[in-house]
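Each protein sequence line maps, in turn, to chains G and Y. Position 60 of the first sequence, counted from 1, bears residue number 66 in this note's numbering, the numbering being contiguous throughout. Position 121 of the second sequence, counted from 1, bears residue number 769 in this note's numbering, the numbering being contiguous throughout.
In short, the hints are calculated from the structure, not lab data. Be careful, since some hints might not be right.
Here are the simulated DSSO-like pairs of lysine-lysine, each with C-alpha atoms no more than 30 Å apart in a straight line [unchecked claim]:
#1 G/K71 - Y/K729
#2 Y/K652 - G/K55
#3 Y/K652 - G/K40
#4 Y/K733 - G/K40
#5 Y/K652 - G/K99
#6 Y/K653 - G/K99
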Amino acid sequence: MFKELNPLLHSELRLAVMSILIGVEHADFVYLRKQTDATAGNLSVQIDKLSSAGYIEVEKTFRGKMPCTTCRVTPVGVAAFEEYVAALQSYIKRV
Amino acid sequence: MENKKLNEQQSLELITRMINTTRERVERNAGMPFVIMGYLTTFVSIAVWTALTLTANYHWQYMWFVIPAGGLGYWLWRRNKEQQKEVMTYVDRIVGYVWNTLGVVGFVLSMYSIFVRIPILFIIILLMGLGTALTGLITRFHFCTVAGLLSALILAPLCLFVTNIDSILIFAAVFVVMMVIPGHILNYKSNRQQ
Numbered sequence: 007m008f009k010e011l012n013p014l015l016h017s018e019l020r021l022a023v024m025s026i027l028i029g030v031e032h033a034d035f036v037y038l039r040k041q042t043d044a045t046a047g048n049l050s051v052q053i054d055k056l057s058s059a060g061y062i063e064v065e066k067t068f069r070g071k072m073p074c075t076t077c078r079v080t081p082v083g084v085a086a087f088e089e090y091v092a093a094l095q096s097y098i099k100r101v
Numbered sequence: 649m650e651n652k653k654l655n656e657q658q659s660l661e662l663i664t665r666m667i668n669t670t671r672e673r674v675e676r677n678a679g680m681p682f683v684i685m686g687y688l689t690t691f692v693s694i695a696v697w698t699a700l701t702l703t704a705n706y707h708w709q710y711m712w713f714v715i716p717a718g719g720l721g722y723w724l725w726r727r728n729k730e731q732q733k734e735v736m737t738y739v740d741r742i743v744g745y746v747w748n749t750l751g752v753v754g755f756v757l758s759m760y761s762i763f764v765r766i767p768i769l770f771i772i773i774l775l776m777g778l779g780t781a782l783t784g785l786i787t788r789f790h791f792c793t794v795a796g797l798l799s800a801l802i803l804a805p806l807c808l809f810v811t812n813i814d815s816i817l818i819f820a821a822v823f824v825v826m827m828v829i830p831g832h833i834l835n836y837k838s839n840r841q842q
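When you get a sec, could you build the whole thing from the sequences and use the hints?
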């Protein structure tokens, strides 16, 4: 039996955000937008979904007068990501 | 990038691409800490040597304090800049820890050398050479690794053999090899990648 892929991670933008955050300590919204080339609105919605699931922590601060949103992956997010990659590998091996 | 579903192969490719992009990210002017601390140490060393040679007044040795004062000022400025960075990687944090530790150890040992006779120039080159080599290994900038190891293992002992005031000139020259040149090369490479 194939293990079901986590639907929260099995979408392009959310997976890209998680893949970036897994390799860094933290990244801000501007950096994530540059790397993913997504629109601000769409990225914001996907970040909220990941945050609601407890996969990432979002901190809203100010950099001078500019608002700044910083994201970092949580241990729950790391575990989910590892599980997702393992499931992907099992799919690919079977095909 | 949109929110479309991917097949398994595309998902793995996306993960690999994003992780690689982040890992290969190099800041503009990444070698600036090396350049600033390298020039500062070289110029202060030459100034101390010149003053001591011309006047034979040991009070000029207090000029060495310009290096930790400059280093502390630069550290505070960088810490403020880092809070404004778009992304902080594990590599940034580890390199920071290495230099903070070596900086404090180097400063404390320099203070000891005021009261106890120890080969402080040799020790400082050894510490900073190891820091440069470790930075090169962590960031995979091999020129830095080679310059650091060369300085720590081959050039540092020269300060043990030359025991007169000219050891200060060797100290200055080693900082050019160990920090100034790798710093400029790193700046050139990082700016070309942008």
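Does Y/K652 pair with G/K40 here, judged by a C-alpha cut-off of 30 Å?
18 Å, holds
Against the 30 Å threshold, does the CA-CA distance of Y/K652 and G/K55 hold or violate the hint?
15 Å, holds
With the threshold set at 30 Å, check whether the alpha-carbon distance from Y/K653 to G/K99 stays at or below it.
Given pair Y/K653, G/K99 holds - Cα atoms ~20 Å apart, limit 30 Å.
Is the Cα-Cα distance between Y/K652 and G/K99 30 Å or less?
Given pair Y/K652, G/K99 holds - Cα atoms ~24 Å apart, limit 30 Å.
Need the status of pair Y/K733, G/K40: alpha-carbon distance at most 30 Å?
The given pair, whose Cα atoms are some 14 Å apart, holds under the 30 Å limit.
Does G/K71 pair with Y/K729 here, judged by a C-alpha cut-off of 30 Å?
15 Å, holds
Hint compliance for this structure: no hint is broken.
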